[in-house]
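**Student:** Sequence:
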Amino acid sequence: MNKTELIDHIASKSDISKAAAGRALDALIGAVKTTLKKGGTVTLVGFGTFAVTARAARTGRNPRTGETIKIKKAKVPKFRPGKALKDAVN
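Count along the sequence shown starting at 1, add 594, and that's the number in the working numbering.
In case anyone wonders, no lab produced these hints; they're calculated from the structure.
Among these hints, one or two may not hold up.
Unchecked claim - No farther apart than 20 Å at their CA atoms in a straight line, the calculated lysine to any residue pairs in the SDA-like style are these:
#, residue 1, residue 2
1, K677, V636
2, K677, T637
3, K631, A648
4, K672, S611
5, K669, L630
6, K669, A645
What the hints assert, rightly or not - Here are the in silico distance ranges between beta carbons for each label pair:
#, residue 1, residue 2, range
7, H603, K664, 41 to 47 Å
8, A618, N656, 39 to 45 Å
9, P671, I610, 25 to 31 Å
10, R674, G654, 35 to 41 Å
11, A668, K607, 14 to 20 Å
12, G660, I610, 54 to 60 Å
13, P675, K597, 32 to 38 Å
14, P657, K680, 21 to 27 Å
15, M595, V639, 18 to 24 Å
16, T659, N684, 41 to 47 Å
17, G660, A625, 18 to 24 Å
C-beta: ideal position from N, C-alpha, C; glycine also.
Whenever a hint applies, use it, and build me the whole structure from the sequences.
**Tutor:** Structure representation (structure tokens):
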């Protein structure tokens, strides 16, 4: 499912226009991005938790040349599914 299909689904299930559903989805995505950027977590009970974790600096290898390269440390977003989501999938 892509973003357009998700907007269509939200609009049909909640009896709102596609434009309003698009704005609601954009607001949700924006809120998650803003919170993660500040280092916080977003927990949606029954769905899951979005969080930021730190990835340490490490050495890697260029697959083309075999040369050793340094990979910088980075903050990466993570999603941990909740129990209800896991149960719905299984």
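**Student:** It remains to establish, for every hint, whether it holds in the given structure.
**Tutor:** Structure-based check of all given hints:
1. K677 - V636: 16 Å, holds
2. K677 - T637: Given pair K677, T637 holds - Cα atoms ~12 Å apart, limit 20 Å.
3. K631 - A648: 13 Å, holds
4. K672 - S611: The given pair, whose Cα atoms are some 31 Å apart, is violated under the 20 Å limit.
5. K669 - L630: Roughly 10 Å between the alpha carbons, so the hint for K669 and L630 holds.
6. K669 - A645: Holds. K669 to A645 sits at ~10 Å (cutoff 20 Å).
7. H603 - K664: 41 to 47 Å: Holds: the Cβ-Cβ distance is about 44 Å, inside 41 to 47 Å.
8. A618 - N656: 39 to 45 Å: 44 Å, holds
9. P671 - I610: 25 to 31 Å: 28 Å, holds
10. R674 - G654: 35 to 41 Å: At 26 Å between Cβs, range violated.
11. A668 - K607: 14 to 20 Å: 37 Å, violated
12. G660 - I610: 54 to 60 Å: 55 Å, holds
13. P675 - K597: 32 to 38 Å: Because 20 Å falls outside the window, the suggested range is violated.
14. P657 - K680: 21 to 27 Å: For P657 and K680 the Cβ distance comes to about 35 Å; the hint is violated.
15. M595 - V639: 18 to 24 Å: 22 Å, holds
16. T659 - N684: 41 to 47 Å: 44 Å, holds
17. G660 - A625: 18 to 24 Å: Violated, at about 44 Å.
Hint compliance for this structure: hints 4, 10, 11, 13, 14 and 17 are broken, all remaining hints hold.
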